[in-house]
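Chemist: Just need the whole structure built from these sequences, with the hints factored in.
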Amino acid sequence: MTEFDVSPVDELAAPELDRRTFLIGSGRAALGLAFVSLLSACSGGEAHHGPESEDGSAHHKETFGLWNDHESIVRELKLTDRAYYIIPSATAEAVGSSGRFHKEKALLPIFPPSIQRFKEDITRAAQEFAIPVNVLASLATIESCGVINAHSGADAYGLVQVVPQFHLQRFVVMDYLPKKASYDDYKLALEGGHSRVRLDEYKKAFNNPVASLRAGAQFFAECIDQARSDQPSLNPHSMSIYGRAAANYNGGGESGKPFSKMPLESQLYVDHVSRLVLDIEVASRLKEHGYSDADILRAMQSQTANARAYAYGELKRIPTVGDYALSDSLLSHPKPGINPDTNTPDGTWGQQVHNNYNAYINHKVPAYKTPATPGLRIWINIGGYGLFSQTRRNLDWRI
0 MTEFDVSPVD ELAAPELDRR TFLIGSGRAA LGLAFVSLLS ACSGGEAHHG PESEDGSAHH
60 KETFGLWNDH ESIVRELKLT DRAYYIIPSA TAEAVGSSGR FHKEKALLPI FPPSIQRFKE
120 DITRAAQEFA IPVNVLASLA TIESCGVINA HSGADAYGLV QVVPQFHLQR FVVMDYLPKK
180 ASYDDYKLAL EGGHSRVRLD EYKKAFNNPV ASLRAGAQFF AECIDQARSD QPSLNPHSMS
240 IYGRAAANYN GGGESGKPFS KMPLESQLYV DHVSRLVLDI EVASRLKEHG YSDADILRAM
300 QSQTANARAY AYGELKRIPT VGDYALSDSL LSHPKPGINP DTNTPDGTWG QQVHNNYNAY
360 INHKVPAYKT PATPGLRIWI NIGGYGLFSQ TRRNLDWRI
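Going by numbering that gives the first Met the number 0, the sequence shown opens with residue 0, and the numbers climb by one from there.
Simulated from the structure, these hints should not be mistaken for lab results.
Yeah, the Cβ is synthetic: ideal placement off N, Cα and C, and Gly gets one too.
Keep in mind that the hints are not guaranteed to be accurate.
[As the list claims (entries may be wrong)] Simulated DEER-style distance windows between Cβ atoms:
1) Glu200 x Phe165: 15 to 21 Å
2) Ala153 x Ser232: 30 to 36 Å
3) Arg74 x Pro231: 28 to 34 Å
4) Lys368 x Glu127: 32 to 38 Å
5) Ser97 x Lys178: 44 to 50 Å
6) Gly152 x Lys178: 26 to 32 Å
7) Ser228 x Ala366: 43 to 49 Å
Modeler: Printed below as a string of structure tokens:
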């Protein structure tokens, strides 16, 4: 399903979310191997790569709007519209060595209005637990996109989807719930029994944006520490550390595993985080060059990146496409879906990808109006649109 002409519902009436279905885009065409290359770049191990993105300076002007004024940024990051699907090692290394994504203290304009409205709360929670503010904003974007009462099938609540089974005590310690609250009492309340704390009081605490951010940020900080402990040879602020921490946040105990051994949902989560970290890095560099918020958004627009995202979003409608490596491989070809060695469609799905891509480029389908950055665009297309559209604050960002 494409993203056009879908009216958002009132966020106060947000339906229950199936967290896994949301992350994997209805269980079909999975996200891909972006982070495999990233982990290899950081750890020195062998990784599966799609075609490595070259400097491609002739491609830059067409790909990135106002970046024409700052091709040095694009060149240093080896950045093209396809780099977001299988992140080149050179890109991961450049982001890790520069670290602008974690040094930036202010919330960048790359997040939608539903997240921007919590700017002060996100900033305070990030500072309290020593997390990069834009990384915490990325977590909130992926988990709820600002839907304050989002509730998943895994019984996760709120802006950053905190699960009471594991984290209810954080709300007690932080004084959002009374001392008599407990998980057993919460379960009793769910069953309609005589609990010591009413169910609506539990839900009020879990859906409190500040409480959710603080409890989630505290846990995410612990996940970061665990990832650093599991990977002592890595730069503590590498993209890999934050991606592995996100896998811990999502599934628990994943940061010590090879990427290929992580559960599919954690792999997809890591891919989303790595792409948004790349967005943060680029936006931070543009800010250093004096770009205004509006100019940063304009600069990070890419018709070809949008076309790839559109092709991917349409591809997942094909129920037989489920190969994790295939999808990103097709989208990371210099010409989407076209085998670079033979210059012919890479199988049936390659032809479909190529047709979808050309349909967008040739204006056969409506163009996206939302000023989403490449990483955010992919997240929206692959499973995040339901969350994105559930707040009226995103109307001006409507596609």
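Chemist: Between Arg74 and Pro231, is the Cβ distance one that fits in 28 to 34 Å?
Modeler: 32 Å, holds
Chemist: For the hint 32 to 38 Å, verify it against the beta carbon of Lys368 and that of Glu127.
Modeler: 36 Å, holds
Chemist: Given the range 44 to 50 Å, decide if the beta-carbon distance of Ser97 to Lys178 lies inside it.
Modeler: Hint holds: Cβ distance 46 Å, inside 44 to 50 Å.
Chemist: Look at the Cβ atoms of Ser228 and Ala366 and judge whether their distance stays inside 43 to 49 Å.
Modeler: 46 Å, holds
Chemist: Between Gly152 and Lys178, is the Cβ distance one that fits in 26 to 32 Å?
Modeler: The hint (26 to 32 Å, Cβ to Cβ) holds, given that Gly152 and Lys178 are roughly 30 Å apart.
Chemist: Can you tell me whether the CB distance of Glu200 to Phe165 sits inside 15 to 21 Å?
Modeler: For Glu200 and Phe165 the Cβ distance comes to about 19 Å; the hint holds.
Chemist: Just tell me: holds or violated, for the beta carbon distance of Ala153 and Ser232 against 30 to 36 Å?
Modeler: For Ala153 and Ser232 the Cβ distance comes to about 33 Å; the hint holds.
Of the numbered hints listed earlier, not one is contradicted by the structure.
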